[in-house]
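J.: Protein chains in written order, with full-length UniProt numbering: chain W, 1 to 401; chain S, 1 to 401.
Keep in mind that a hint or two might mislead.
No copy is singled out in the list; a pair is fine if it fits within one copy or between any two copies.
Claimed, not checked - Straight line, CA to CA, 20 angstroms or less: simulated DMTMM-like cross-link-like pairs of lysine to aspartate or glutamate: (1) K24 with D284; (2) K233 with D168; (3) K335 with D324; (4) K325 with E23; (5) K250 with E342; (6) K3 with E316; (7) K385 with E23; (8) K24 with D248; (9) K318 with E31; (10) K24 with D324; (11) K245 with E356; (12) K233 with D108; (13) K262 with D162; (14) K262 with D73; (15) K5 with D168; (16) K233 with D312.
Please keep in mind that the hints were generated in silico from the structure rather than gathered at the bench. These figures come from a predicted structure and were not determined experimentally.
There are 2 protein chains.
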Amino acid sequence: MNKIKIGLFGFGVIGQGIFQVLEKSRNAHAEIVKICVRSASKPRSIDRAYFTTDPEEILSSPSIDLIVEVIDDAAASYRIVKSALQRGIPVVSGNKAMLARHLPELIDLQRKHNVALLYDASSCGSIPVIRNLEEYYDNDLLLEVKGILNGSSNYILSRVFDHNENYDAALAQAQALGFAESDPSFDIEGYDSLFKLVIITVHALGVYVHPDRIFTYGISTIHDSDIQYARDKRYKIKLVAQVVKVSDRKFTMFVMPEFVTKSKYIYSVDDEYNGVVIRGECYDRQFMFGKGAGSLPTASSILSDIMARQHDYRYEYKKQHYLDKPEYTTDVELKVYVRYAETDVLRILHFERITEQYRSEECNYVIGNIKLSELIAKRQALRNKDLFLANFQSFFNDLDR
Amino acid sequence: MNKIKIGLFGFGVIGQGIFQVLEKSRNAHAEIVKICVRSASKPRSIDRAYFTTDPEEILSSPSIDLIVEVIDDAAASYRIVKSALQRGIPVVSGNKAMLARHLPELIDLQRKHNVALLYDASSCGSIPVIRNLEEYYDNDLLLEVKGILNGSSNYILSRVFDHNENYDAALAQAQALGFAESDPSFDIEGYDSLFKLVIITVHALGVYVHPDRIFTYGISTIHDSDIQYARDKRYKIKLVAQVVKVSDRKFTMFVMPEFVTKSKYIYSVDDEYNGVVIRGECYDRQFMFGKGAGSLPTASSILSDIMARQHDYRYEYKKQHYLDKPEYTTDVELKVYVRYAETDVLRILHFERITEQYRSEECNYVIGNIKLSELIAKRQALRNKDLFLANFQSFFNDLDR
Chain W
1 MNKIKIGLFG FGVIGQGIFQ VLEKSRNAHA EIVKICVRSA SKPRSIDRAY
51 FTTDPEEILS SPSIDLIVEV IDDAAASYRI VKSALQRGIP VVSGNKAMLA
101 RHLPELIDLQ RKHNVALLYD ASSCGSIPVI RNLEEYYDND LLLEVKGILN
151 GSSNYILSRV FDHNENYDAA LAQAQALGFA ESDPSFDIEG YDSLFKLVII
201 TVHALGVYVH PDRIFTYGIS TIHDSDIQYA RDKRYKIKLV AQVVKVSDRK
251 FTMFVMPEFV TKSKYIYSVD DEYNGVVIRG ECYDRQFMFG KGAGSLPTAS
301 SILSDIMARQ HDYRYEYKKQ HYLDKPEYTT DVELKVYVRY AETDVLRILH
351 FERITEQYRS EECNYVIGNI KLSELIAKRQ ALRNKDLFLA NFQSFFNDLD
401 R
Chain S
1 MNKIKIGLFG FGVIGQGIFQ VLEKSRNAHA EIVKICVRSA SKPRSIDRAY
51 FTTDPEEILS SPSIDLIVEV IDDAAASYRI VKSALQRGIP VVSGNKAMLA
101 RHLPELIDLQ RKHNVALLYD ASSCGSIPVI RNLEEYYDND LLLEVKGILN
151 GSSNYILSRV FDHNENYDAA LAQAQALGFA ESDPSFDIEG YDSLFKLVII
201 TVHALGVYVH PDRIFTYGIS TIHDSDIQYA RDKRYKIKLV AQVVKVSDRK
251 FTMFVMPEFV TKSKYIYSVD DEYNGVVIRG ECYDRQFMFG KGAGSLPTAS
301 SILSDIMARQ HDYRYEYKKQ HYLDKPEYTT DVELKVYVRY AETDVLRILH
351 FERITEQYRS EECNYVIGNI KLSELIAKRQ ALRNKDLFLA NFQSFFNDLD
401 R
């Protein structure tokens, strides 16, 4: 068998991980032949001859069979992937921000140029979510995908709820360990989870929803009183992404903190781990759990995509062609908890029904049913307020685990 | 797209489940056209015209594209599957006992007649273990697959350890609920787990080991004193199947009760659920969890195999062709607990090292290191004795979860 010759874009932690994993896997039949990086002068751990700063050296090389792209600049990633696909070169990518914004065009390009783009590593690192949604749950029985898709925010919440630390100390520790970026907003405001959810939904239900249309709320405004409220009730707060069918013809999706009870699978997804629950009409719930990020776990997921190319594997996007694809709706009610300071939240948010209200010198909160469309309409008004919002309970079925 | 025409063998709980699942899945493009059953006179829930008692009516029908075989008679299953493959008809099978005994021949037949045999439903029902080992973990980084593969025995142990019932009451309840057969030995003596482990190992490491060569010990001889011992130490006893690389060149495998500590993933696999931990060199541990048995979960797994056939999917058995496939060894030491009554266990079993010994009027036990080969050699001598044996701790790595 001929070795697959790989042109690699990016040699950060993930890129170096791929190099290591390919060396470890003696039966891989794949080798990196060229690596495109931004900086020519940076010291490198491997032979300088591998490196170039000119993308064309890879993109127009006739000897390269596959491009693996793991740079963290979404705009540059888009240009490289598009250009490769247009030239008929298959690509493995890990860039969720880029994929979430450009998937429809990239799917068209795959069809038009009869070429594959694989990206299992983009969602939940070493957990094979995309591949299983595409190949194993490749039918219309799927009802819901819900999970903890971001390791950094989960690490922070886990320090708070499993190790009784305060939020600021936990965030600082996550940064010290390299789990959270020095600008942690991507992880902590929920955007990383959002991008993964957009990609997952394409393979779960065959429908693409642009990230801007999806309600996303993070954990950066959490206060001690929110944490105390959760602890008193024996909940953990988790940052949860979910896509769920609310009827035969409709589904909804959002990213939001959630009060999670002990009976649920994701309750025990601690530290930097990811966990995904896949629920379907006949198989009930499947739970997949593993390391969602990090150099080697992500690299091993990329290895699976590289190996899949040896057998000419590509995503078929079969569900996009189902006759009765469900439609995205935000016309659903959620039960949410909103803790607020000075702002009177009831003047901003219209609740369908309020079930609890609490005021004190320390904090105020309200719990009630609210339309998801109302939350989306008031996104701007909620921003930069001393306010924390969390999904109070899973609303869509009683037996939810 | 033309509908796949299916000839079904067996119309028990699983067969009826497949019928239901295909009706529910509107995009399945597959239909059952003929069903072969043993009894012509039994009342049926669907139109009589579907049924035949003559296998040839399916096997020699030119209009049938795929055979789905879910009968519980392993000998008859073998004849049907072999005959279908020899005629070039692809097969989906759920019969683990048959597969575990005949896989090498059935793999040869697939190659010789260029035809597919899929059997994801045979191992862990709705959890996609085989497919992921074959496609996603299709490299040589895999170190271990370990799990709870049998729902009935796990249900019984879960009643004991999570609900404080006694063993006999739990067994009776499992039988009443239909989780355990009226002759429960297949589940409870570990053979069901063993057969699944044999199949899993073919796809995990590319090596077939005949079930007779593998140490298998069940839970039927468990006593109150064993349960009390575990409870005192805050362990649960679980029936665990595992295959694990013990060096670059060697692996071992066995099915045995194990004392499981709270820190391990499988500790929280309760009731009739299955859970599988996949450990690899770069991705660490993946945990997959779901319903391992039952009519609809198994049927939905069979549906995945049927759908896969629409894209001409077949197992490639790539790992069988690795140059450095590991070898099966029983020359490994385990740390086991052996509780015994009259029999002096030390006269039967040669321990390498004894670390604990306890004698009382109620019970006697010994804990120590023993060779797996010694356990295999003494299998007959251990049988029909008032004796219970359990893996005391995972021996192969300290950080085992």
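J.: All the hints need checking, so say for each whether the structure fits it.
T.: Hints, one by one, checked against the model:
1. K24 with D284: between (37 angstroms within a copy, 14 angstroms between copies)
2. K233 with D168: neither (22 angstroms within a copy, 37 angstroms between copies)
3. K335 with D324: neither (29 angstroms within a copy, 56 angstroms between copies)
4. K325 with E23: Answer is between: at 17 angstroms across copies they meet the 20 angstroms cutoff, but 43 angstroms inside does not.
5. K250 with E342: Neither: 37 angstroms inside a chain and 66 angstroms across chains, both beyond 20 angstroms.
6. K3 with E316: Answer is between: at 18 angstroms across copies they meet the 20 angstroms cutoff, but 25 angstroms inside does not.
7. K385 with E23: neither (50 angstroms within a copy, 51 angstroms between copies)
8. K24 with D248: between (47 angstroms within a copy, 12 angstroms between copies)
9. K318 with E31: between (31 angstroms within a copy, 19 angstroms between copies)
10. K24 with D324: between (45 angstroms within a copy, 13 angstroms between copies)
11. K245 with E356: Intra 28 angstroms, inter 56 angstroms, cutoff 20 angstroms: neither.
12. K233 with D108: Neither, since 49 angstroms and 59 angstroms both go past 20 angstroms.
13. K262 with D162: Both, since 12 angstroms and 15 angstroms are each at most 20 angstroms.
14. K262 with D73: Neither: 38 angstroms inside a chain and 42 angstroms across chains, both beyond 20 angstroms.
15. K5 with D168: For K5 and D168, the Cα distance exceeds 20 angstroms both inside one copy (46 angstroms) and across copies (61 angstroms).
16. K233 with D312: neither (51 angstroms within a copy, 52 angstroms between copies)
Hint compliance for this structure: hints 2, 3, 5, 7, 11, 12, 14, 15, 16 are broken, all remaining hints hold.
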